[in-house]
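Asks: Here's the letter readout for the chains.
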Amino acid sequence: MISHQEEGSGREKCSLLRTAWVVLAASSVMLAQPVLAADYTITGSSNTYLRMTRTISKDDLYPLYEYLRFSVSTAEKDGSSVSLHLGAWGRLDLVDKSSDHYTDGDLQYGFLSYQGAKNNLVVNVGRQFVTEGVAAERIDGLYARSDFAAGFTAAAFVGQPVVTDPSYKGGDYIYGGRVAQGKAGLYTIGVSALRNESDVARDREEEGVDVWLHPVKQVDLTGRSSYNSITSGWMEHAYTLSVAPIDQVTLSADFSRINYSDYFYNVTTTAFALKNNGGALDPNEELTTYGASAAWTPKKDLTVAAEYKKYDYEIQGSGDYVGGKVAWTAPGALSLGGSVHRMIGDSERLRYYDYRLYALKKVGHAELGLDFYNVIFDRPIDGVKSSFALTGIAGYEVTEKLKVGGDVEYSQSPDFDREWRALVKVAYAFDMKTGEKGGKSEK
Amino acid sequence: MKSKLLILLMMPLMACVLFACANTNSGARIHPEAVTGTPNCTECHTDAYAAMNHQAVDFFKKHSIFATNARRSCNSCHAESFCSDCHAHKEELNPNVKYSEAVERTMPHRGDYMSQHRIDGKMNPASCAKCHGRQNNERCVTCHK
Chain W
1 MISHQEEGSG REKCSLLRTA WVVLAASSVM LAQPVLAADY TITGSSNTYL RMTRTISKDD
61 LYPLYEYLRF SVSTAEKDGS SVSLHLGAWG RLDLVDKSSD HYTDGDLQYG FLSYQGAKNN
121 LVVNVGRQFV TEGVAAERID GLYARSDFAA GFTAAAFVGQ PVVTDPSYKG GDYIYGGRVA
181 QGKAGLYTIG VSALRNESDV ARDREEEGVD VWLHPVKQVD LTGRSSYNSI TSGWMEHAYT
241 LSVAPIDQVT LSADFSRINY SDYFYNVTTT AFALKNNGGA LDPNEELTTY GASAAWTPKK
301 DLTVAAEYKK YDYEIQGSGD YVGGKVAWTA PGALSLGGSV HRMIGDSERL RYYDYRLYAL
361 KKVGHAELGL DFYNVIFDRP IDGVKSSFAL TGIAGYEVTE KLKVGGDVEY SQSPDFDREW
421 RALVKVAYAF DMKTGEKGGK SEK
Chain Z
444 MKSKLLILLM MPLMACVLFA CANTNSGARI HPEAVTGTPN CTECHTDAYA AMNHQAVDFF
504 KKHSIFATNA RRSCNSCHAE SFCSDCHAHK EELNPNVKYS EAVERTMPHR GDYMSQHRID
564 GKMNPASCAK CHGRQNNERC VTCHK
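Chains as they are written, first to last, in this note's numbering: chain W, 1 to 443; chain Z, 444 to 588.
So here's chain W without its partners, still in its complex pose (with noise of 0.2 Å):
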């Protein structure tokens, strides 16, 4: 199975030096693009956060957040642009300063993208996000994909895996692709593939294949199965349909089965690994759902839902999963929620309710908010048989680029006894446009 167990070594590091090479010089040429171009977008945010919060151990910790996210595009008049996607994140811990490691950050993207005017042609080069049938990695690489004739597309990408690896080495390179034949607002198929390996192991060998159908307005099919070639075996099948025979009703019914010696045959984490590599998991195990759940919209902000899930496992047992919710969203003005939920395993930790309750009420510039969430086991852990958390938020929009909010956490866990957290955040958004219209959504 895993045969290079090694701890994290210098390897991110150069991978990160790299991409910070390539975007650097991707950076150069895409500021000279604005005033070339035809129309030109430069979002940006600074999102800053205070967490005032305790270890297990009761040490005070003050962490500072700073995530800044940059993105700058250009238009052209064929319709094509060129475009630049930058953000990362650092921290200073304010109190705790007795270890290395009060200190740290991430480039968490950092790509130039182009997209053509035809054939949603997309070319991208840097640290991004890659979804494509089984893979939904994070890569520093290069990624492509078009559209065909007859209803294909086609993506592939290759570079080296983004992961961290605490237990495990997680592969020096990762490639892969997706072939996928369509037709518009009908149906999609598409077959994909994914390899990740280093100069002395297999990592991954992956092959999937995920449908969408949609052959009438009310019904939508949606899933995909997916192959572990190492192992010989299915990793995983998840489907869903969702009905909805008037306009007010959606229902909805899902399955999923995973095998689990294929399915944690490649992680990076002892908390997933198998018995047989040093983790706690039954390889044997296997665990298949089913799903079903109802929905009603009365009212255009209101929506009424029952959900019940079954959760069926070879060796540990089976649970029910049963409850419902309600949730009255008015955009810009007031939401209210809450939901109930009983979970029966067959397993003593797999006995509980849970509760959630939230209310959130913007007035004027300011939003005010309280949201509640329990969970009663039936039979106590650690003494604990209520464990909650009820948090109190509060925000001002003190002008349309910059907000300042915060919330004070009071809960009571099994791990932390009557504690209290606080967060306070200040966002400023920095957007400069010319002739695009419309926006995106930082959340």
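Note that these hints are calculated values from the structure, not bench results.
Backbone N, C-alpha and C define an ideal beta-carbon position, used for all residues, glycine too.
It cannot be assumed that every hint is accurate.
No farther apart than 20 Å at their CA atoms in a straight line, the calculated lysine to any residue pairs in the SDA-like style are these [unchecked claim]:
1) 541(Z) x 94(W)
2) 565(Z) x 94(W)
3) 275(W) x 567(Z)
4) 118(W) x 573(Z)
5) 504(Z) x 251(W)
6) 541(Z) x 54(W)
7) 541(Z) x 402(W)
8) 361(W) x 548(Z)
9) 361(W) x 547(Z)
10) 541(Z) x 324(W)
11) 565(Z) x 278(W)
12) 573(Z) x 280(W)
13) 533(Z) x 560(Z)
14) 275(W) x 570(Z)
15) 299(W) x 489(Z)
16) 504(Z) x 324(W)
17) 403(W) x 479(Z)
18) 588(Z) x 280(W)
19) 541(Z) x 278(W)
20) 533(Z) x 315(W)
21) 565(Z) x 315(W)
22) 217(W) x 485(Z)
23) 309(W) x 564(Z)
24) 504(Z) x 304(W)
25) 361(W) x 541(Z)
Some, not all, of what chain W presents toward chain Z, calculated at C-beta under 7 Å [as the list claims (entries may be wrong)]:
26) 81
27) 108
28) 240
29) 358
30) 392
31) 393
32) 413
Okay, the calculated beta carbon distance ranges per label pair [unchecked claim]:
33) 563(Z) x 278(W): 13 to 23 Å
34) 408(W) x 548(Z): 18 to 28 Å
35) 563(Z) x 60(W): 27 to 37 Å
36) 198(W) x 561(Z): 24 to 34 Å
37) 328(W) x 467(Z): 36 to 46 Å
Chain Z: place on chain W using the hints.
Replies: For chain Z alone, coordinates are given in the frame of chain W:
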């Protein structure tokens, strides 16, 4: 050998021909109207986009398929940071901590998740592994030695 070389030469040529024949117009890069909150796409769309109704009770389960099929559509409203808030390489703040005011959104780590994660991890570890199996799991090693 000759036939293999011929195939290798023909493939890019075929790709170019198929690319030229497709001649589809690319989707909008920016949604014509700014959208706030959790949108009900059926309010305006009656075509395939209507299926992406974010208020649908099962949208969260299906969003990965939409991201595969129509990432460009996602990008017309969402900045890249929207994906990386959850599908993170290395992240210390949960989305529900950063966006506590977005009470209506589906976020899987509400409340005190330290104790709840043991239950969810037992219930369906695959649902955790999608985001933490190979990424964003540096802190797991604190307990999972």
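Asks: Could you run down the list of hints and mark each one as holding or not?
Replies: Hints and how they fare:
1. 541(Z) x 94(W): 19 Å, holds
2. 565(Z) x 94(W): The hint is violated at about 35 Å.
3. 275(W) x 567(Z): This hinted pair holds, its Cα atoms lying about 16 Å apart.
4. 118(W) x 573(Z): 33 Å, violated
5. 504(Z) x 251(W): Answer holds: residue 504(Z) to residue 251(W) is near 14 Å, not above 20 Å.
6. 541(Z) x 54(W): 17 Å, holds
7. 541(Z) x 402(W): Status holds; Cα separation ~16 Å.
8. 361(W) x 548(Z): OK: residue 361(W) and residue 548(Z) at ~15 Å, within 20 Å.
9. 361(W) x 547(Z): Since the Cα atoms of residue 361(W) and residue 547(Z) sit roughly 12 Å apart, the hinted pair holds (cutoff 20 Å).
10. 541(Z) x 324(W): Violated - the C-alpha atoms of residue 324(W) and residue 541(Z) are around 26 Å apart, more than 20 Å.
11. 565(Z) x 278(W): 17 Å, holds
12. 573(Z) x 280(W): 18 Å, holds
13. 533(Z) x 560(Z): 18 Å, holds
14. 275(W) x 570(Z): Holds. Residue 275(W) to residue 570(Z) sits at ~19 Å (cutoff 20 Å).
15. 299(W) x 489(Z): 19 Å, holds
16. 504(Z) x 324(W): 17 Å, holds
17. 403(W) x 479(Z): Satisfied, since the Cα-Cα distance of roughly 16 Å is no more than 20 Å.
18. 588(Z) x 280(W): Holds: residue 588(Z) and residue 280(W) sit about 11 Å apart, inside 20 Å.
19. 541(Z) x 278(W): 34 Å, violated
20. 533(Z) x 315(W): 33 Å, violated
21. 565(Z) x 315(W): Distance ~12 Å between residue 565(Z) and residue 315(W) Cα, so the pair holds.
22. 217(W) x 485(Z): 11 Å, holds
23. 309(W) x 564(Z): Between residue 309(W) and residue 564(Z) the Cα gap is close to 16 Å, so the pair holds against 20 Å.
24. 504(Z) x 304(W): 18 Å, holds
25. 361(W) x 541(Z): 18 Å, holds
26. 81: 6 Å, holds
27. 108: 4 Å, holds
28. 240: 5 Å, holds
29. 358: Interface hint status for residue 358(W): holds (4 Å vs cutoff 7 Å).
30. 392: Violated - the Cβ of residue 392(W) stays beyond 7 Å from chain Z, reaching only about 9 Å at its closest.
31. 393: OK, holds: residue 393(W) within 7 Å of chain Z, min 5 Å.
32. 413: 4 Å, holds
33. 563(Z) x 278(W): 13 to 23 Å: Given about 22 Å between the Cβ atoms, the range holds.
34. 408(W) x 548(Z): 18 to 28 Å: 20 Å Cβ-Cβ, so the 18 to 28 Å window holds.
35. 563(Z) x 60(W): 27 to 37 Å: Check passed, 28 Å falls within 27 to 37 Å.
36. 198(W) x 561(Z): 24 to 34 Å: 32 Å, holds
37. 328(W) x 467(Z): 36 to 46 Å: 40 Å, holds
In this structure, the hints that do not hold are numbers 2, 4, 10, 19, 20, 30, in rising order.
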